[in-house]
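Here's the letter readout for the chains.
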Amino acid sequence: MGEVDPGTLHWLRNEMADCLQATVRTMPSMPVPPGSFEARRNQYSSTRILKEMLGEVPQDAFKLLGVTDMDLCIPILTYVFGEAQLGGTAAVVSLARLRQEFYGAAPDRPLFLSRTRKECLHELGHTFGLIHCKSRDCVMSLSNTVVDVDTKGRDFCGQCRAVVSSETGRGRRE
Amino acid sequence: MTMENKVRIMVVDDEEIVRASLSAWLEEDGYHVEAVESGRKALSLLHGKKWDLMLVDLKMPGMDGLQLMEEVHKILPEMLVIIMTAHATVDTAVKAMKKGAYDYFVKPFNPDEISMTIRKIVDHRKLVQENLFLRKELKKQFRLRDMISKNEKMLEIFELARTVAKSGSTVLIQGESGTGKELLARAIHDESPRADAPFISVSCASLTESLLESELFGHEKGAFTGAAVLKRGKLELAQDGTLFLDEIGDISLKLQMDLLRVLEQREFRRVGGSELISISSRIIAATNRDLAAAIEEGKFRADLYYRLNVISIRIPPLRERKEDVPLLVDHFIEKFNIEMGKEIRGVSETAMRILVDHDWPGNARELRNVIERAMVVAKGNVVTEPDVSLPSSASGPDQRGKSLEEIEKAHIRLVLGENQWNIVRSAQALGIDRVTLYNKIKKFGLKKEGPPPKE
Chain A
1 MGEVDPGTLH WLRNEMADCL QATVRTMPSM PVPPGSFEAR RNQYSSTRIL KEMLGEVPQD
61 AFKLLGVTDM DLCIPILTYV FGEAQLGGTA AVVSLARLRQ EFYGAAPDRP LFLSRTRKEC
121 LHELGHTFGL IHCKSRDCVM SLSNTVVDVD TKGRDFCGQC RAVVSSETGR GRRE
Chain B
1 MTMENKVRIM VVDDEEIVRA SLSAWLEEDG YHVEAVESGR KALSLLHGKK WDLMLVDLKM
61 PGMDGLQLME EVHKILPEML VIIMTAHATV DTAVKAMKKG AYDYFVKPFN PDEISMTIRK
121 IVDHRKLVQE NLFLRKELKK QFRLRDMISK NEKMLEIFEL ARTVAKSGST VLIQGESGTG
181 KELLARAIHD ESPRADAPFI SVSCASLTES LLESELFGHE KGAFTGAAVL KRGKLELAQD
241 GTLFLDEIGD ISLKLQMDLL RVLEQREFRR VGGSELISIS SRIIAATNRD LAAAIEEGKF
301 RADLYYRLNV ISIRIPPLRE RKEDVPLLVD HFIEKFNIEM GKEIRGVSET AMRILVDHDW
361 PGNARELRNV IERAMVVAKG NVVTEPDVSL PSSASGPDQR GKSLEEIEKA HIRLVLGENQ
421 WNIVRSAQAL GIDRVTLYNK IKKFGLKKEG PPPKE
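Read top to bottom, the protein sequences are chains A and B. Take 1 as the starting number for the first sequence in the working numbering and just add one per residue. Take 1 as the starting number for the second sequence in the working numbering and just add one per residue.
The set of hints was computed from the structure by calculation and includes no laboratory data. Do not take every clue at face value.
To be verified - When the alpha-carbon atoms are kept at most 20 Å apart in a straight line, the in silico EDC-like pairs for lysine to aspartate or glutamate are as follows:
| # | chain 1 | residue 1 | chain 2 | residue 2 |
| --- | --- | --- | --- | --- |
| 1 | A | K152 | B | D112 |
| 2 | A | K51 | B | E28 |
| 3 | A | K51 | B | D112 |
| 4 | B | K120 | A | D148 |
Stated by the list, open to error - Interface residues of chain A toward chain B, partial, derived using beta-carbon atoms under 7 Å:
| # | residue |
| --- | --- |
| 5 | I74 |
| 6 | P75 |
| 7 | I76 |
| 8 | L86 |
| 9 | H126 |
| 10 | T127 |
| 11 | I131 |
| 12 | H132 |
| 13 | S135 |
| 14 | N144 |
| 15 | V147 |
To be verified - Covered by chain A, according to a simulated footprint, are these stretches of chain B (three or more residues, beta-carbon under 8 Å):
| # | stretch |
| --- | --- |
| 16 | 9 to 23 |
| 17 | 214 to 225 |
| 18 | 348 to 360 |
Since the structure is predicted, the reported quantities are computational estimates derived from the model, not experimental observations. For each residue, glycine too, the CB sits at the ideal point set by N, CA and C.
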């Protein structure tokens with residue numbers, strides 16, 4: 001959504017394919033829906049972006065993950081790392097707050113990629129129907145801050161993994 | 001977390017986008033969320049479902065957030081309400097908190113802030129549930145079927161009842177009206193190997209001599225005018241089970257004689273019949289009278305008394321076990337909540353103090369009636385002082401009387417009871433010397449209550 005570094009997208013595609021054992025395709029970039037811009041907050045509404053994305057889901061796609069550099073928010077929260085339809089099709093992740101630069105620190109690409117991978121898996125996990133996991137070792141554990149993202153595990157725990165596997169299996173059959 | 005255990009959150013906001021995004025965000029955390037656009041809708045959702053938390057927008061057309069919170073708290077005073085607002089001022093925040101909001105959030109809020117607050121509420125809720133569970137477990141130790149007590153004497157009685165239940169011995173239960181003599185008899189029956197056979201109860205005081213006779217022994221067809229069909233008596237109906245003879249102290253001397261024969265020979269004849277029917281039921285008798293005194297007065301047969309008094313249990317009146325009042329109050333509230341379909345959570349501190357201070361001449365039964373009435377009139381989900389209506393202590397069933405002499409007698413009896421009939425201590429408490437106290441005991445014919453001496 002909008003301009004995103006192709007290198008990051010390429011890396012992410014391989015990571016998602018590997019982790020979810022699924023075919024992952026990168027779609028041509030689509031513009032960030034202008035209606036999603038919240039001028040007063042200089043942020044984009046993730047809820048509105050999700051709505052727009054739903055009209056763009058290709059026929060052969062099981063899930064659609066939007067990746068954007070824009071800072072996302074919902075009306076009641078100052079920011080969100082992403083939003084997903086619980087048990088639905090679409091999810092969106094913002095890279096803005098996953099970069100060390102956002103917090104005035106020096107760039108750290110490996111850390112940024114690690115966070116990106118976790119948040120993308122996390123939001124996709126919601127589309128598989130998963131809610132926040134109690135285990136801090138699980139990527140589905142709640143993360144409101146980058147510290148939360150950094151301290152939680154990089155993969156699904158056994159139970160969450162089982163749900164994801166059964167859902168991706170269903171996706172392949174469909 | 002299972003579906004039943006899911007924390008239930010109600011979101012009330014007039015903006016669709018707020019409702020949708022907040023619900024979605026909370027659902028990702030595993031909560032059950034329902035969102036409505038107005039205070040009126042929120043109130044209608046309140047009935048019938050249990051909610052753990054309400055997130056309410058301050059500014060809404062019609063009923064605003066604070067008005068809604070007030071209405072909610074009228075029905076559910078303990079409901080946790082978080083007020084949300086886009087236009088924060090210290091004034092509104094203070095006002096919201098003063099009116100009973102659990103917290104106050106300014107939109108947009110930090111994801112961490114709301115997460116932590118809700119987690120805190122959930123943890124608190126878990127603790128409350130755990131506490132309730134443990135209290136229930138603890139209560140089981142203080143129970144005998146439908147009876148409940150923490151009093152040492154009562155716990156001994158429960159223990160004795162459990163032991164006695166295993167045998168077939170006759171039991172005599174003594175105690176004032178309303179102390180639960182029939183409940184204890186039923187408990188003994190339910191704990192006994194006879195539990196599957198009938199428990200038959202006869203109130204001896206309510207029937208005339210001849211009616212009671214036919215009630216107990218039954219009659220043959222044509223035994224007397226009006227006896228058109230054969231009727232089996234309670235003694236026969238209670239076969240293999242338990243026959244409970246309530247107010248045994250009130251039966252006539254002739255019936256006492258008949259009953260004694262039944263107890264001795266374990267067989268009887270129906271009125272007007274010749275066939276001997278053997279009895280296999282256990283007899284439990286009860287009375288609120290002082291049978292020892294009745295024997296002295298020649299109103300009760302000593303031999304029947306000893307026949308009945310194989311195992312003797314005296315239930316102490318409620319005023320001698322005040323520690324049971326709060327326990328019984330909880331017990332009755334739980335019971336009537338189910339019967340009345342109410343959700344009363346308890347009684348206020350002041351109301352409880354009044355209940356504990358009362359003398360309860362009608363014992364647990366009186367307390368039960370007072371709680372039942374209070375729950376009918378209670379407006380909120382807590383029984384408060386005005387709901388509790390107690391007769392003034394002089395108008396109870398066990399009136400202490402109005403003359404000075406009667407009051408003196410009752411007071412001396414009370415003090416003696418409180419001091420376990422220790423004359424020195426009682427005299428000290430009354431501010432008189434021992435000889436005077438002895439004289440007064442004699443004058444008023446006061447006697448120590450409790451099991452009479454064995455033969």
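Do the hints match the structure? See the list:
| no. | hint | result |
| --- | --- | --- |
| 1 | A:K152 to B:D112 | 15 Å, holds |
| 2 | A:K51 to B:E28 | 17 Å, holds |
| 3 | A:K51 to B:D112 | 25 Å, violated |
| 4 | B:K120 to A:D148 | 18 Å, holds |
| 5 | I74 | 4 Å, holds |
| 6 | P75 | 5 Å, holds |
| 7 | I76 | 5 Å, holds |
| 8 | L86 | 5 Å, holds |
| 9 | H126 | 6 Å, holds |
| 10 | T127 | 11 Å, violated |
| 11 | I131 | 4 Å, holds |
| 12 | H132 | 5 Å, holds |
| 13 | S135 | 13 Å, violated |
| 14 | N144 | 4 Å, holds |
| 15 | V147 | 10 Å, violated |
| 16 | 9 to 23 | holds (count 6) |
| 17 | 214 to 225 | violated (count 0) |
| 18 | 348 to 360 | violated (count 0) |
Of the hints listed earlier, those the structure fails to meet are numbers 3, 10, 13, 15, 17 and 18, in rising order.
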